[in-house]
Amino acid sequence: MEEVKQISLQELSNNFKDLHLQEGYIYIPEFRISPDLTEPYRSGYYCIGYITEGEMIMQSNLIRQSLKAPAIIFADPASVKSWEIPQDSYQAKSILISENFLQEKIIESNILSVFSGLSGNGTFIAPLTKKTSDQIKAMFKIIDAYTPPTATFHKEIIHGIVYSMLNIIGSLYDHTDQHSATSTNKLNLRFRKAVSQHAIKERDLGFYAALLHIHPKYLSKVIRTETGRTASEWIQQQVILEAKILLQKANLSIKDVSELLHFPEQSTFGKYFKKYASKSPNEYRDSLHQHN
56 MEEVKQISLQ ELSNNFKDLH LQEGYIYIPE FRISPDLTEP YRSGYYCIGY
106 ITEGEMIMQS NLIRQSLKAP AIIFADPASV KSWEIPQDSY QAKSILISEN
156 FLQEKIIESN ILSVFSGLSG NGTFIAPLTK KTSDQIKAMF KIIDAYTPPT
206 ATFHKEIIHG IVYSMLNIIG SLYDHTDQHS ATSTNKLNLR FRKAVSQHAI
256 KERDLGFYAA LLHIHPKYLS KVIRTETGRT ASEWIQQQVI LEAKILLQKA
306 NLSIKDVSEL LHFPEQSTFG KYFKKYASKS PNEYRDSLHQ HN
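Residues 56 to 347 (the numbering used here) make up the sequence shown, in order.
If a hint is listed, it holds; no wrong ones were tucked in.
Calculated cross-link-like contacts (lysine-lysine; reagent style BS3-like; alpha-carbon spacing at most 25 Å):
no.	residue 1	residue 2
1	Lys330	Lys256
2	Lys256	Lys241
3	Lys186	Lys148
4	Lys148	Lys185
5	Lys196	Lys148
6	Lys304	Lys329
No lab work stands behind these hints, which were simulated from the structure alone.
If you're wondering where the values come from, they're calculated on a predicted model, not measured in any experiment.
Assemble the whole structure, with the sequences as input and the hints as a guide.
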């Protein structure tokens with residue numbers, strides 16, 4: 056089966072003249088939210104973002120989150136993301152990192168531990184104290200000074216800064232409720248992770264209950280209590296996200312999208328999408344042209 060669309064570093068560099076792919080990373084000194092980022096997408100890279108002014112709103116894996124300056128964000132390739140265009144002024148910068156860039160050098164065990172925890176979380180956002188914000192600001196200044204790298208040791212400096220940032224973010228992660236979750240909250244996180252991995256094919260609550268080795272009624276109760284949404288709503292919304300990502304690919308017909316999402320008939324997919332997205336697949340595609 057064809058994989059859902061991912062935005063790669065090379066595609067970003069090709070499509071935006073002010074974004075230059077270095078040796079495995081792109082540094083964005085002034086991050087702006089363009090209309091295409093308001094639609095759900097996956098990225099073929101990791102992102103470390105630093106918000107220095109204002110407020111930004113993003114949705115990651117169906118969770119709407121606010122980023123109020125000063126704040127930092129870590130996002131992995133697997134999470135489905137979208138942004139809202141802010142009404143007020145904001146300032147942010149980011150570094151986008153390829154998997155190869157992170158694996159080029161031997162990584163210390165503590166970095167691996169941090170990285171594993173953050174990647175399993177999908178997207179992590181944390182407010183920053185003035186002290187930590189100043190540290191992150193200084194690190195981005197070093198990235199700015201050595202981009203583009205003109206000598207071998209320049210790239211080594213960027214590696215070191217990225218690993219230092221991951222350690223700082225990992226420390227913040229260790230001190231949040233996301234890390235020290237209750238048993239029911241851990242079940243909620245496991246369920247949402249399973250939905251993000253399997254909803255493209257599995258839409259029955261019983262599948263997830265069996266996967267998590269619990270009774271469907273208990274799973275439903277926990278998810279509603281923890282999130283305010285039913286387990287079925289999480290599954291439905293994930294399917295709609297996957298459908299929107301595929302519908303953004305102009306080379307795929309509605310029938311292709313229906314088959315990739317394992318619907319028995321195109322008409323079944325159309326009715327499902329209309330019911331939960333409040334518009335037909337074709338109407339959604341037409342709305343994309345209004346962004347351009």
